[in-house]
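Fit chain B to the given chain A structure using the hints.
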Amino acid sequence: MHIAEGFLPPAHAVGWTVAAAPFVLHGARAVVREVRERPESTLLLGAAGAFTFVLSAIKLPSVTGSSSHPTGTGPGAILFRPPVMALLGTVVLLFQALLLAHGGLTTLGANAVAFAVVGPWVGYGAYRLVRGLGAGLLPAVFAGVALADLATYVTTSLQLALAFPDASTGFAGAVAKFLGVFAITQVPLALAEGLLGVLLFRALTANARPELERLGVLRREPAVPAGGAA
Amino acid sequence: MTRRSLVTALLVLAVVALVAVPLVAASGDFGGTDGAATEAIEAEGYTPWFDSVFSPSGEVESGLFALQAALGAGVLGYVLGRLHGRRQAARTPAATAAPDDGPR
Numbered sequence: 001m002h003i004a005e006g007f008l009p010p011a012h013a014v015g016w017t018v019a020a021a022p023f024v025l026h027g028a029r030a031v032v033r034e035v036r037e038r039p040e041s042t043l044l045l046g047a048a049g050a051f052t053f054v055l056s057a058i059k060l061p062s063v064t065g066s067s068s069h070p071t072g073t074g075p076g077a078i079l080f081r082p083p084v085m086a087l088l089g090t091v092v093l094l095f096q097a098l099l100l101a102h103g104g105l106t107t108l109g110a111n112a113v114a115f116a117v118v119g120p121w122v123g124y125g126a127y128r129l130v131r132g133l134g135a136g137l138l139p140a141v142f143a144g145v146a147l148a149d150l151a152t153y154v155t156t157s158l159q160l161a162l163a164f165p166d167a168s169t170g171f172a173g174a175v176a177k178f179l180g181v182f183a184i185t186q187v188p189l190a191l192a193e194g195l196l197g198v199l200l201f202r203a204l205t206a207n208a209r210p211e212l213e214r215l216g217v218l219r220r221e222p223a224v225p226a227g228g229a230a
Numbered sequence: 231m232t233r234r235s236l237v238t239a240l241l242v243l244a245v246v247a248l249v250a251v252p253l254v255a256a257s258g259d260f261g262g263t264d265g266a267a268t269e270a271i272e273a274e275g276y277t278p279w280f281d282s283v284f285s286p287s288g289e290v291e292s293g294l295f296a297l298q299a300a301l302g303a304g305v306l307g308y309v310l311g312r313l314h315g316r317r318q319a320a321r322t323p324a325a326t327a328a329p330d331d332g333p334r
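Going down the list, the protein sequences come from chains A and B. The letter at position 18 of the first sequence is residue 18 when you use this note's numbering, and the numbering goes up by one with no holes. Every position in the second sequence, counted from 1, becomes a number in this note's numbering once 230 is added.
Only chain A is shown next, with the shape it has when bound in the complex (with noise of 0.2 Å):
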């Protein structure tokens, strides 16, 4: 989902970098804000991070004989909502942009709005969606961080299409030919990794009951004994 470095014509690199800036500039508020009013969650909040750090870093192979990296943006957004990540996120891109040659600066906006803004998103509007259905929180956290994961590869395949329409079948064919590279790849990327968030929360469900309850992921229990999750 990396745009490399000046991959974006000028107008769609300062598009992208103006639009994913207010996101960010509220994530940054909302991290500050977490870490002040509930300092008891600044280890999740550094789970979350890290989810997302390692993930990223990863690349995968897949069923369409290319490979790709997974998002890790799901958990945090669905534990802290998304505007957490929209900074988590642009920090992990900043990573890889100055040190790995991956992704780039004058394409930090529109790699931001994909991996950190529209990805969680909707993630978290898939979590709310499958528990509003009824569904525990393990199917819910599932659906979550796979979609992230999805979401924002979709995002980036839509990102190059305007920036680059086919030359006779125009946006809508060029939508195509980059959900053909990045989309297809994807999806047993974004099982595996809603999978791997089902075990990452079964891990926090198990140990951080008190912390998942403060943040309303959890229903508030009278004390049971440890287990008991979906």
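Honestly, I wouldn't trust all of these hints.
Said to hold, decoys possible - Facing chain A, a subset of chain B residues (Cβ under 7 Å, in silico):
1) 241
2) 245
3) 260
4) 262
5) 280
6) 317
7) 320
Think of the hints as simulated: they come from the structure by calculation, not from any bench. Just so you know, even glycine gets a beta-carbon here, dropped at the ideal spot from N, CA and C.
This is chain B only, laid out in the frame that chain A set:
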């Protein structure tokens, strides 16, 4: 083996399978999708107008990617380990009878 650890093992197995099966079954050179997209764009005659401020060589780059993963995995392991240790401590109140900083 408890039911809980069986489920954990199956989940891990499913993750490994989702990655390993394509590696064996699919054909291709498993090049990155990001690279495939830039190639498609360059094929239409576009030349990037800005270069990365710092481009590590392939060897250094893989090390930096490993560093990124290691930092993330280290922090994640630290947090999960601490939370697990806290629960263990809360389960054996006799050992920490006197001043306990946990609310439970």
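Point to revise | Hints violated by the structure (numbers, ascending) | key: Result: hint 7 breaks, nothing else.
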